[in-house]
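Residues per chain, in single letters:
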Amino acid sequence: MALTVLHRKLARDLWRIRAQALAIASVVAVGVMVQVMMSGLSDTLTDTRDAYFERHRLAQIFEPVTRAPNAMMEKVSALPGVLAAEGRVSGYGRVEGDGGEPVRAQILSLPGPAGLNGILMKAGRMPVAGRSDEVVLLDSFATARGVALGDHIGVTVEGRHLRLRVVGLARAPEFLFMPAPGEFFPLDGRFAVIWMERKAAAAVLDLEGAFNEALVLTTRARPSEAVLADLDRLLGPYGGGAGFLQDQQTSARFINEELTQLKRSSLFLPPIFLAVAAFLLNVTITRIVQAERREIGLMKAFGHGGTEIGGHYLELAFLIALAGAALGCLLGLMAGRALTGVYMEFYKFPYLVFSLRPGPFASGIAFSLIAAALGAAIALRTVFRLTPAEAMSPPAPPDFTHGRTGILSLMARPLDQPGRMILRQITRQPIRSLGTIAGVSAGLALNMAMLMIYAGFDHTMAVTFGFADRSDAVVAFTRPVSRDVVHEIAHLPGVLSAEPQRSVPVLFRNGLITHRGELTGLPEGATLSRALTPDLDPITPPARGVVLSRGLAERLGLQPGDPISAKVTGGRRRDLTLPVAAISDTLLGAPAYMRLDALTRVIGEPDRITSVAIRTTGKPSAALLHALRERPGVAGVSIKSDTFEAFKKIADEGAGQMRFIFGAIAFVLSFGIVYNAARNAFAERTHELASLRVLGFTRGEVALVLAGEIAVMVAIALPLGTWLGWSLAKLIAIAFSNELYRISVPFDLPSIAVAVLVVIGAMLASILMLRRALDRVNMVAALKARD
Amino acid sequence: MQPAYRTEVLSKTYGEGPAAVHALREVTLEIPRGEVVVLLGPSGSGKSTFLNILGGLDRASAGRAWFGETCLTDLSDRALTQYRRSHVGFVFQFYNLMPSLTARENVELVTEIARDPMDAGEALGLVGLEGRLDHFPAQMSGGEQQRVAIARAVAKRPEVLFCDEPTGALDSTTGRRVLQVLDDVNRELGTTVLIVTHAAATAAMAHRVLHFTDGQLRETITNETRAAPADIEW
Ligand SMILES: Nc1ncnc2c1ncn2[C@@H]1O[C@H](COP(=O)(O)OP(=O)(O)O)[C@@H](O)[C@H]1O
Ligand SMILES: [Mg+2]
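Chains as they are written, first to last, in full-length UniProt numbering: chain A, 1 to 787; chain B, 1 to 234.
Just so you know, these hints were derived from the structure itself, not from any lab. Computed from a prediction, not measured in an experiment: that's the story for all the values here.
Just some of the chain B residues that point at chain A, by a computed CB distance under 10 Å:
#1 G55
#2 G56
#3 D77
#4 Y83
#5 N96
#6 L97
#7 E105
Note that CB positions come from ideal geometry on N, CA and C, so glycine has one too.
The shape of chain B in the complex, shown without the other chains:
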């Protein structure tokens, strides 16, 4: 089966000359479809940069990246927007919900422009928020807001879900709940899920773990057995 993503000597440099920061250095890898992939590494090791390039939020300085047959590094701005709109979903550390829209409306924001979305209620049901459809972000806890963000990300049935520190702002119980939701999405919808985290324990729930250090991919580990998110300690 064709991998979800393939990269070849992908590099990203910020700035120029002696002040240049090499955020990514020639990363070459493949990410198979349908897996939960956890990206680990110290702060500043290039995880977010890598995620942002694959997610179409940022551009590489050199090298190439493919999404299936599509070469992302060749796409125009407009095509990248289309790519984000149709194929991928994002979850961030700070939820990034629209404060002026209710939970349901935040999800509808995406379903209105997607090709084959699920019903907003169904998406919120998936993250266990069927009872809070008409609440505004200001009326919800951090964990609940993050689950709305996940519902919003999966409602368009994306092929890939990008999560950058999704539990970073949450306590451990709530964090586990969120990870459980991500695992459910992967299992029930077959969505490829990429999770950036600096909590090493999260690695236990992944099919595959990518270790980043100093902008480079140091090591890839494939888990023979995966732990349930509920059992993860941190």
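Chain A with its partners taken away, still in its complex shape:
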């Protein structure tokens, strides 16, 4: 019986504080949403990656060689710790397109009987045995270039023109994220992968009876590093020795980075929201308990135990938290699904099923309940302490005596009485006021930091495309050519200037850390592609030594003056040890620069270059592209504006959604806190505010007393939150920077302005809602009620 009455009271209480309950539930919801969304995404990507890699047997070790007889594979298979091994042939060619720019292609032999580095057919079929003109094409390339099943494509490999029929379209775990060689950003239409029958591929690449890449799956019995060392030794005489593990494979490396980032954000974001929710519940329940002390006394007098009554208020907190958590699960699911689409497009997963592991949901709900319990428990200590008699006597006026001393009273001196009321009200419950200020600051900081990160992307693009790389296109060659080519290209139609570049694939090593990358040679006084200092001044690589991008230097743990070891993995194999001359602030990619003449000298190929950067009048013309297509050695042309647009599209789509999500989150957080604070202040002081009306204060003046209190706290929170946001932005920038991009956060005033406006908007919305409540207050009734 008593239980049902208490439950009815619970329902009425909830209804009475519905607006506040909603505000608190929203904060909980946002926390759970972020948790579910981020963990869900992270789980989805992890599950999909693991399944995809495993099902298609992505090799754990990749060992490129120049040429090894097929018989060597038996020795590879016999190495201890090798579960399965396969040799394949791999090479580069050029797709003769539809009159546009020449496009690079990787030619690969189809997976052999061991099925390593398998492919997933999306359409069509495998080439028929013996039909050397039938090929399988990477489906994202086909889509981007409008190639359909049954179409013929012209491909030039080693100077030979082939006419190939596309019989299948496929994806592969190796090519989830696939920038063309030497580029940092994947563009679907700029890089083709063509799988051919082993025999046909070997014939085309002059590798009959041989392989030039060994793929290995290892057993658990031996660490992969040990197997790799054996393999390096075994295949060393065949141009091997620069093998690498799966985590250094371009595509796997980026997807791993992405996962690490997601895990990080799913760890640090939700606790902020749940802490705020706990605080809000605490303040609100404290307020309700205080207002209901007489009812509590009565209930105690009637014989209800403290636990029973405490449980009643705890249920209130739980209901609010549960409602928020349920909403959060739903929103998280929706947001996660939406973002899955973005990832799906960026990474070429064949499928992404948004993972519905119970973990994130359960922990989201559990943590919100814990937050609610914590928030309520502190408020409820008073319930257990009150004796019925104490509870039923009206409370003494709150004591403001302490407010007479201290700095704040000095500050209050020149104020008018309403001003003093505002200040004293804020300082009387310093913990609560600080909590409100901290919460609002957190909301502001979060939003501002995220906005700054996205401004950082824009900054990255502006720096990369405006300062570091000022070329309009880069012409890549299939193999090193004489530096004289620069002059020929400079005279092609529409070319304003041309600069030689040399890139050498290397395996960097410092102690145990390795990194698969490239050494890039730039000419002295380069104007098109440059290394930059943080102030965007060009760094000229010295006659000796390497200029490392900051990302690479950090990854390898190197500083200027340290030696870096680089094993050349393409062309003539050599082991180089070079001094680190300087660190450059490259934001996209993780390049390592040398002076062109120095680089070509140390690798023993003086004045041989691999690409030419050009500056053109406007976008490279059809005539220019035609002229470049006609040149036999040209492997491909990458047009900068295409890269820029693709990058911008990703930034705008992915980041645009995230920007919106975080803006909304910040609004909910700020509004939840500010509205809750205002509502509590209002509920506690309806009486005082009515008194002011009786004394002849106008509605506006009374509203000002309430608004003033909120405004003062928000005013304190604004600079605090801005400072916090700036620090947070720098932290996130470090946490989110990876080898694909480094985020450098500019002190971006528009970001600050937007974040501040969101908070002020939330404040104004709260005040407006309260103003309506204030107008409805009946003075006489308010004064009659002694709370």
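For this one, chain A is given, so just place chain B with the ligands on it according to the hints.
Leaving out everything else, chain B with the ligands in the frame of chain A:
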């Protein structure tokens, strides 16, 4: 001389239909200036309702009420606020002080917005609290808090002081002290004082006593001789 207040068939109804409560039924009367008027009657007889309407805290359902030349029942919300601000003061059973302000500041709350106020110290002197200017409500007894409330009400030199059960929460000695203060205010400042009470003995200090029953004015008594508040027994 023109009366302070005049009412004509003033009525107040709460609610509608069969559940309607007629708190005031067609009350017509005049209250002369400068008098101490005591409103007596059982609980629920409409005294507070009547006081609240004259004080501009509530609106009548029918009939009219004048403050001097001003028709209160016609005033807008804004004008009523101005009326409360400039012309009348209130004292309630539960003091209604701002807990966050000291005694002096509570009085200054009003003097800051009034046209020709007295000094806050002077007002507190009038109620015998010159020694407690800087005390917060939490540091004062009920009687002292009520006297701060009176000082706050009279500091703007109102023409009328409304007191709804001003002694209701006080013991008899303290209550007498408070009544004495109200009498002083009436005598020294010429303020019209309306006191609602259910303690019949208080009637002895009034110039005029209004008896309310069931929302109606039953009887008006004019005292030939008035007792000093100190001599009132209850
Ligand atoms: N806000 C209200 N809503 C409904 N009825 C009310 C309200 N205020 C007063 N009343 C009713 O009006 C009548 C007169 O009340 P009131 O003027 O407060 O009486 P008194 O002050 O003489 O005790 C009572 O019956 C009371 O219940
Ligand atoms: Mg009454």
